[in-house]
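As a plain string of letters, each chain reads:
Number of protein chains: 2
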Amino acid sequence: MKIYTVFVEAKTPGNIGFLARTMKNFGLKKLVLIKPCKLENSAYYQAVHARELVQDALIYDSIEEFIEDQKITTLVGTTGTAGGSYNIPRIAITPDELANNIGTGGNVALVFGREGEGLSNEELELCDVLVTIPTSDEYPIMNISHAAAIVFYEIFKHKKDYPIDEMDIADYEDKKVITKLCDEIISKLDYPSHKRKNIKIITKRIIGRAFITGRETNTLRGTLKRINNKIDSKEE
Amino acid sequence: MKIYTVFVEAKTPGNIGFLARTMKNFGLKKLVLIKPCKLENSAYYQAVHARELVQDALIYDSIEEFIEDQKITTLVGTTGTAGGSYNIPRIAITPDELANNIGTGGNVALVFGREGEGLSNEELELCDVLVTIPTSDEYPIMNISHAAAIVFYEIFKHKKDYPIDEMDIADYEDKKVITKLCDEIISKLDYPSHKRKNIKIITKRIIGRAFITGRETNTLRGTLKRINNKIDSKEE
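Order-wise, the sequence lines are chains A and B. Mapping to the working numbering: the first sequence position 46 is 118, numbers consecutive. Mapping to the working numbering: the second sequence position 163 is 235, numbers consecutive.
Hints are computed from structural coordinates only; laboratory data are not their basis. Certain hints may be false.
For identical chains, the list gives no copy identity; a pair is met inside one copy or between any two copies.
[Claimed, not checked] Computed list of lysine to aspartate or glutamate pairs in DMTMM-like fashion (alpha-carbon distance at most 25 Å, straight line):
#1 74 / 209
#2 74 / 210
#3 247 / 200
#4 260 / 128
Isolated chain A (complex conformation) (with noise of 0.2 Å):
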């Protein structure tokens, strides 16, 4: 799948490079500008190092001339006022149900601003899928560049393997021990059974709640030993 990244009429350089910066965080390069203003050196300045994706930027006089040019087969639009007064009514999904229903296969384009105003009627009309971002009643308005960040992170997220998932998370196994040991403490202290009974099950879910490493299980571990150590020698 190919994913290009639309702005429509930029006027303010530096959200280009915003912008430019959050696609290569996420893995995405191929960067279209309808229209642009001038790229002054702010746009560079604050794509820091994706700097080239502005340089590459593909440019184009409308948004039917890039989508005929490149062949899309998705156009994703992006709006802060879902459902609004569009000519035909239309409801915009959130970005996690656009990541878990983009498929695998084609140019997909994901459309973005004009900063301030929105997309116009015209264009939203062009558009496959509507896309909105669940905000405060309060100030629903955001930067074009920080909507974008949670698109790709949404898109980013569900394409990936969490970084998480190599990370040394304490497993079932090393869980059990813990809360064996735990529990074999909690035997020692004494309590009547309801209320030991009661105790484990806390223990229990406090370990399950905690994200536990492997390494702080072996601490654990050590540590638990020697506190029914302790308590068994006094009892001996």
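Based on the hints, put chain B in the right spot on chain A.
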């Protein structure tokens, strides 16, 4: 639940503005600045309709001072490089894991910064939870306001999905008591001092990360006291 957004040693006034705007987009109001740059016009300009958040920002000299003053129960650090070269290796959770576990009680602080460098090891040590955004390996360093937008979005999204159920998260004092009791027990386990210190840090972190409720705190406190007494009666 109160959520504070903390920006550590902001260098670029524009980023303060972008952060404030994004906060308001997701219904967050409490901005905290630790040793910020001068609040020039661009901070207010980029905030657009969130200027009052910049005007009302709380300013502190250190994170510690802020934690103490606002009685923060959960300090959430953000990092681009999870599980890096810290003294004690740690894992970072993703924004949606954070949003899933953040509960609805207590005073939570989301800490962002520094631009370019990230948080220091000492600051990361203070944090109960670390969050990292899954990004492209080729260019993982995001602008701080874009990273923040994604964290805010996930929290906002989960808040909407799961109607607020009043969970009573352990407060600042409760957590202090639990941590102190754990420290007392660990001190009695004949560890060499450097190891003891590590174990105390790990324990504190697990407690911080587990979003323990007020009720669970009561149970835990009782259990930890009993363990303490058991060990003490042995020592006499």
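Results of checking the hints against the structure:
{"no.": "1", "hint": "74 / 209", "in the structure": "between (34 Å within a copy, 19 Å between copies)"}
{"no.": "2", "hint": "74 / 210", "in the structure": "between (36 Å within a copy, 18 Å between copies)"}
{"no.": "3", "hint": "247 / 200", "in the structure": "both (11 Å within a copy, 20 Å between copies)"}
{"no.": "4", "hint": "260 / 128", "in the structure": "neither (47 Å within a copy, 53 Å between copies)"}
Hint violations for this structure: number 4 only, all remaining hints satisfied.
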